[in-house]
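Which chain is which? The protein sequence lines are S and U, in order. Using UniProt numbering, you'd call the opening residue of the first sequence number 1 and step up by one each time. Using UniProt numbering, you'd call the opening residue of the second sequence number 1 and step up by one each time.
Heads up, a few of these hints could be off.
[Said to hold, decoys possible] Computed footprint of chain U on chain S; a stretch qualifies when at least three of its residues, placed anywhere within it, have a C-beta under 8 Å from a C-beta of chain U:
hint	stretch
1	39-53
2	98-105
3	188-197
Think of the hints as simulated: they come from the structure by calculation, not from any bench. C-beta: ideal position from N, C-alpha, C; glycine also.
Each chain, written out:
Number of protein chains: 2
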Amino acid sequence: MKLFFFKNTLTSTRNLTLTLILSLTLLSCSSNELINLRVAKDRVKDYYESGKYDEELNKIYNEAKAQIEKIKIKDNSAAIFDVDDTALSNYEISKRLDYGYDFQIIQDWVMSAKLPAIKQTLEFYNYLKIKGVKLIFLTGRNIEEYDATYRNLIEQGYTDFDTLIVRSEQDRKLGAAQFKSQKRKELIQNGYEIIICVGDQWTDLEGDYTGIKVKLPNYLYETK
Amino acid sequence: MKLFFFKNTLTSTRNLTLTLILSLTLLSCSSNELINLRVAKDRVKDYYESGKYDEELNKIYNEAKAQIEKIKIKDNSAAIFDVDDTALSNYEISKRLDYGYDFQIIQDWVMSAKLPAIKQTLEFYNYLKIKGVKLIFLTGRNIEEYDATYRNLIEQGYTDFDTLIVRSEQDRKLGAAQFKSQKRKELIQNGYEIIICVGDQWTDLEGDYTGIKVKLPNYLYETK
């Protein structure tokens, strides 16, 4: 009896110790690990350039197609696409700035209208187009960037969309999620039925009238 | 005997399992965790701005002083200081570029000669100066940046140094560590005895003739 008690105490002490070590390990590494930005950037570079990003996009769009196949498409069925890092890629300029940001350089890049299409998004866009889904771009870009954005989309193969919605002067005070959900509400009021919403930021997918939510990966930045 | 064997097997199986879990946990989180760069940048920002960076510098220089106190300073005793993020801080421009890099912007920043001193380094520099240690700056910056660097150091309070060594045209093909250790060798040949070497990169401290190695933290970048 005494021996049994002693053995149990030993076991539970050991288990407690191991649980503690495990908890501390998990806590220390996943909650708030400080990493040299060179290391963090190189990991992100590897993710985008080694094929992992492409693989993830393929998987996400395959799942989205499986969901779309279950839906009966109507005349007013619409899909909402975000622009930056959803339809068009900013990876090149981000890498050129060593994954940093400079207002003027990014502004010039946007106005150049030379952003490449994200090919999996374009493929999914065309898949929806063939099904007769109405295609709408909804972006946090400003009205001054409308022409460059419109031209960039068309030149990259995003043709035949119904509308491109950008931020007007009075929309600038709104947060990204608030602006986008308000615009979706207006689209609903105009008769559209949104069946799917595609974006790389959670702010693209928050709020009502999104339909199927398709979240693309983005390890470069986060929009609030 | 049989029971004993069985008990041991159980224990070792459990230990093996726990070791495996622990190893996998450590491996998965610390070796290659992919983090959104916004998150990685915010952690680095917090490190630099919350006082943790200052705290670490204070601790490092206190330890360095304790080591210096054990040394008999001679007429030819010399200390080597790196410039960028050792004597002068690039944190401000790094933050302005959202922790990225643009050649022209960084070049303009260097040429502005307005980099602030890292106050703990300046304090340690003055401590060595009072002790009669010869003070030498050794930087990977180029010859075109010599004047701006010289002026910046003086204006920030780094006065009375013996020499400022930058990369000449023919040094440009050398890696940072190779260039710096070669220059240290030349200093030795000129009669200096290097008692301490201070830098934020391991390349500042690799090779011979370093004396005491003082490695400052740098989570912004790594120099190869």
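These are the hints, each one checked on the structure:
1. 39-53: Per the Cβ count (6), the hint holds.
2. 98-105: holds (count 6)
3. 188-197: Violated, because only 0 residues of the stretch 188-197 of chain S bring their Cβ atoms closer than 8 Å to Cβ atoms of chain U.
Hint violations for this structure: number 3 only, all remaining hints satisfied.
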